[in-house]
Amino acid sequence: MKPLSQRSGYLRIAILLAVLALVAAACGSSSKAKKSSTAASTAPANVPNGGTLTIGAEQEPDCADWIDNCAGASWGTWTMEAHTMPRAFEMVNENGDWVYKPSILLQGEPTLQAGPPQVVTYKINPAAKWSDGTPITSEDFKYTWDQIAHGKNIYDTTGYRDIGSVDTPSPDTAVVTFKNSYGGWKGLFGGQYGVFPSHILAGKDRDALMKNGYTWSGGPWIIQSWQKNVSVTLVPNPNYWGEKPHLDKVIFQFVPDTASEFQNFKTGQVLAIYPQPQPDAVAAIQGGLPDANAYYTADTANLEALWFNNSKFPFDSKAVRQAIGYSLDRNAIVQRLFGPLGVKNPMNTLDPPILKQFTDTSAWSQYKLDLKKVDSVMTADGWAKGSDGFWAKGGKRADIEIKTTAGNKRRELTEQIIQDQLKAAGFNVTTNNQKAGDLFGTQLPAGDFEVGLYAQVSTQLDPADCALFCSSNIPTAANGNTGQNWQRVNIPAVDPLLATVDSALDLSTRATADKQAMKILADNNVALPIDPLPNILLWSKRIVGQVTDHPIFSMFWNMNTWGLK
Amino acid sequence: MLTYITRRVLYSIPVIFVASFLLFAFVRATFDPTAHLRASRTAAEAIKSERKRLNLDKPTVVQYSDWLKKFVRGDWGTSERTHERVFAMIRRSLWVTTQLIFWGVLVSALLAIAMGVYSAVRQYSALDYTLTGLSFVALAMPPFWFGLIAIQFLSADLKNVFHLQEPLFYSIGLHKPGVTGLNVDYLRHLALPVMTLTVQIVAGWGRYQRAAMLDVMSADYVRTARAKGVPRRRVIFKHALRNALIPLVTVMALDIGVLFGGLIITETIFSIPGMGRLFFDSLLRGDATVLVSWTVVTALFIVLFNLLADVAYGWLDPRIRFS
Chain A
0 MKPLSQRSGY LRIAILLAVL ALVAAACGSS SKAKKSSTAA STAPANVPNG GTLTIGAEQE
60 PDCADWIDNC AGASWGTWTM EAHTMPRAFE MVNENGDWVY KPSILLQGEP TLQAGPPQVV
120 TYKINPAAKW SDGTPITSED FKYTWDQIAH GKNIYDTTGY RDIGSVDTPS PDTAVVTFKN
180 SYGGWKGLFG GQYGVFPSHI LAGKDRDALM KNGYTWSGGP WIIQSWQKNV SVTLVPNPNY
240 WGEKPHLDKV IFQFVPDTAS EFQNFKTGQV LAIYPQPQPD AVAAIQGGLP DANAYYTADT
300 ANLEALWFNN SKFPFDSKAV RQAIGYSLDR NAIVQRLFGP LGVKNPMNTL DPPILKQFTD
360 TSAWSQYKLD LKKVDSVMTA DGWAKGSDGF WAKGGKRADI EIKTTAGNKR RELTEQIIQD
420 QLKAAGFNVT TNNQKAGDLF GTQLPAGDFE VGLYAQVSTQ LDPADCALFC SSNIPTAANG
480 NTGQNWQRVN IPAVDPLLAT VDSALDLSTR ATADKQAMKI LADNNVALPI DPLPNILLWS
540 KRIVGQVTDH PIFSMFWNMN TWGLK
Chain B
0 MLTYITRRVL YSIPVIFVAS FLLFAFVRAT FDPTAHLRAS RTAAEAIKSE RKRLNLDKPT
60 VVQYSDWLKK FVRGDWGTSE RTHERVFAMI RRSLWVTTQL IFWGVLVSAL LAIAMGVYSA
120 VRQYSALDYT LTGLSFVALA MPPFWFGLIA IQFLSADLKN VFHLQEPLFY SIGLHKPGVT
180 GLNVDYLRHL ALPVMTLTVQ IVAGWGRYQR AAMLDVMSAD YVRTARAKGV PRRRVIFKHA
240 LRNALIPLVT VMALDIGVLF GGLIITETIF SIPGMGRLFF DSLLRGDATV LVSWTVVTAL
300 FIVLFNLLAD VAYGWLDPRI RFS
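Protein sequence lines, in the order shown, are assigned to chains A and B. For the first sequence, numbering that gives the first Met the number 0 begins at 0 and goes up steadily by one. For the second sequence, numbering that gives the first Met the number 0 begins at 0 and goes up steadily by one.
One chain only, chain A, in its complex shape (with noise of 0.2 Å):
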C-alpha cells in the first residue's frame, strides 16, 4: 500500500489530467473565432457547405405518419414531415398575404374545372423523384387520396372526403373528380399531409412502416434517425431535384423544459430554438442572449380566444356574451402576455392572421372595455347587480367557470387578468383547469364546460369556419358527436355563409362570405379573439442564410437554404 500522501499526489495528478481532458474536449471542436454577422433574414451570396446543425425541438412527436391520429404534433411537421414529404403546393408570404403556389412537385398551376363537379388535373413535374430513384407519379396521388379518405384512424379527412375519385392517365397526370365542391383544394396533397409513395407502402401496413420514421422522402432531406426520446437526424436527399441542402446534417434534438431550452441555447449546444410565446420565453428573451439573433412575428396560423358555451346558462344569454366583450381590455391582456415582444394588439376576427386575405380583421374591434356599456346591455336583458355586486336574473347568478390547460403557464396568467377584470364588472369568475386529453378529449366536444381558453391553430390556408361554427357540426349523436362546434353555435344565418367559404372557388366569393358571417358572428359574440400567439424564433449568428417564419412549416421551412460558420 502507497503512503497516503503519495497517493493523494497521484490523485491531484489523476484530477489535473481529467480536467484537462475534459478542457481539451471542449475545445477540440473550436474553429476560428465566432465573428457577428448580420442579421440573418436575408439571403447571403454565398453560404458554406458542410457542417452539423443542432436544433432545439420542444416537443417530440408521437409518431410519424402523418395522417394518423398520433401525429397530431406541430413538432412533428417542423422536425420531419415538412422537409421529407412532397406537396403540390407551397404556402408562400407574397405582398403580406400567405398564399397558395404550385411547388417544384407540379408543373405549374393545376387545371380547375369549376364544374359541377369539381374536376383538378395536376400535371407533375417529370424531374420529381423519390429519394430511392423512384419517379412521383399519378399513382401516389391516387394512393394518398384512398388512404385519407378511407384510412382507419385518420386524423382530419377534410377535402379528401368530398373527393369522388383520382383517375391516372398517365404517370405524369393526376385527375382529381370532387363529389361536392371544395373551395380549399389547393391545401389537398399539401398542406399538413404531403403526397405518399404508392410504390413503397400500397398493399402495406402504411402505419407499422411509418410510424417510427421512414428511410424514404420526396423532400431535401431524409430521416437518417429518430432516436425515441432523444433527437430526430436528417441528412441531405441526394435525389432531391429542388435546392440541395448545404449542411451534412440538422440534428432536431428534444428539449421540453422551456427554461432549460434556453439554457441550452445560451450554452450554444443548441442553435436555433422556436419557443412557445410563454411568460418564461417572453422572460428569457428579455433577460438578453447573448450571439443570437431574434425575430417575433404576430403573423401566425394561431389565435388564442375565450371560446363560450352558446348552450349553457350564462352564456346562452346574447346580452351576457356581449357584456362579456365590454368588461374586459383585451389591450391589456396582450399587453400584459406579448408587449415585450412587440404585440400589443388584440384579434379582432376568429380567424388567424394568416387568413386575413378572407376575413373582416376589425369584426370585434367594438368590443373594447366600457363598464358603462355592461350595465347597460345587461340591464336591458333583464339582469340586475346583487348586494354583493355580482349580476343575477332570477334569482341566479351569472357566475363564469374558465377550463384551460393546467400547467400552461400563459393561460393561467391570461385567466388571472381575465379573472380581476370580469369581477370589477359583476362576474364572479372561477378556474377549473383540466388535462389536455381530459379537455379536448371529452369536456369540450360534450359541452361540459361554460368558457374554454385554448387556441385555434390552422394548419393550412384555408378558414374552414364552418367546422367550428356551422349548425350541423354541433356533436350530436347524429354525427357521431364528432363536430367540432364545441361552442354550440347554432345562428341560421352563419350557416349557408360559412357553406359558401368552404365550396366556393373563387377567393373574392369565399372572402365576402367569411366576412359576412365574421359580422354576425361578432355581434352575437360567440366567442372572444384575444392574441395571435406570436411566434419566436432565436437562432446563433453562425447560421447563415435566409431565416424567416413560416406560420405552418415554422423558421426551419428552408433550412435546406442555411449553412454553418
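With a straight-line Cα cutoff of 27 Å, these simulated DSSO-like cross-link-like pairs (lysine-lysine) come out: (1) 203(A) / 47(B); (2) 564(A) / 243(A); (3) 434(A) / 57(B).
Beta-carbon label-pair distances, calculated as ranges: (4) 411(A) / 47(B): 35 to 45 Å; (5) 330(A) / 15(B): 50 to 60 Å; (6) 65(B) / 208(A): 22 to 32 Å.
Simulated coverage check for chain A against chain B, where a stretch passes if three residues somewhere in it have a Cβ under 8 Å from a Cβ of chain B: (7) 243-253; (8) 258-269.
Source of the hints: derived by calculation from the structure; they are not laboratory data. For clarity, every value in this text was computed on a predicted model and none was experimentally measured. Heads up, the beta-carbon is just placed ideally off N, CA and C, and yes, glycines get one too.
Could you slot chain B onto chain A? The hints should help.
Leaving out everything else, chain B in the frame of chain A:
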C-alpha cells in the same frame, strides 16, 4: 437467514398484488384509453372497437385479471400516444434512469459517508459547522432551480469565460446524438444531472450518517476499544463505521426504490429520456396504457428495494432476523 428472506419475500407478494390492483383501478378510473380516438371523424366506431379490444365494458377485476396475465408474459400493450410497445418504452427509459441512479447513488454514498464520519469525529469543529450549514442549504435548494443554476455557471458561463466552442459540461441527454458508450462525452453529459440529483441526497444521507456515527462513537464497545489502545483510525473505520452504516444502508435502499420513479425534474431539466420523462409525457397526453405499466413497475421497484432494505438490515444486524 434463508427463513428470514423467504418470510420477507412472501410478505411482499400480497403487497404487490394489492398495489398493482389499486394502481390499475386508479389509472383506469382516471384516464380513458380511447380518448385519443375522439378527434377522429370515425370516432364512434373506433372507440367501440377499442373498448371491446381492451375489455373496457367488463368489470375492473376482470380487466385487471386480463391485464395481469399479459403483464406477466411481457405483453404490456401498445401506447395510445406513440403506437409503440409499452414494454420496449419502459425498458428503454428504465436503462437510462438506472444509469443516473447508479452514478448518483455512488457519488452520494461516498460523499455522505465521508461527510458524516468527519462531522461526527470532529464534532463542533469549523468544518463540521460548515458541512452542517451547507447540508441545510442543499436541502432547501429545489432541484429545478439548482439544475438551471448549474447549467448557467458550469456550462454557459464557463464556456464564455474560457471562449470555448462547446461547453465543458453538457446539459442535454446522456450522450451527443450518435455517440454511445462510457467515454468522455458520457462523463461531460453526466456531470450536471448527477450533481443535481446528488446535492439533496448527500445532504440528507450525510446528516443520517453523522447522527448514526455519533451514536456509535459513544457506545461502550467503542470506548472499550479506545481504552484498550486500539488506534483511532482503526476504531473509527473498523469498529464504529460498520455499525453506523446500518441505518444509512436501510435509508439508501428505500430511497433508491423511490428514485426509479422520482427523477422527473432532473430528467426534464436535462432532457434525459428516463422513467421520469416517460411518466410526465404520458401523464400530459393521458396515455393510460403506459401509465398503468409505469406505475406498477415503479411500485415493484419500491417493494423490491424495501425487501432489500429488510434483508440488508437483517444481514448487518443479526438481532433483527432472530426477533
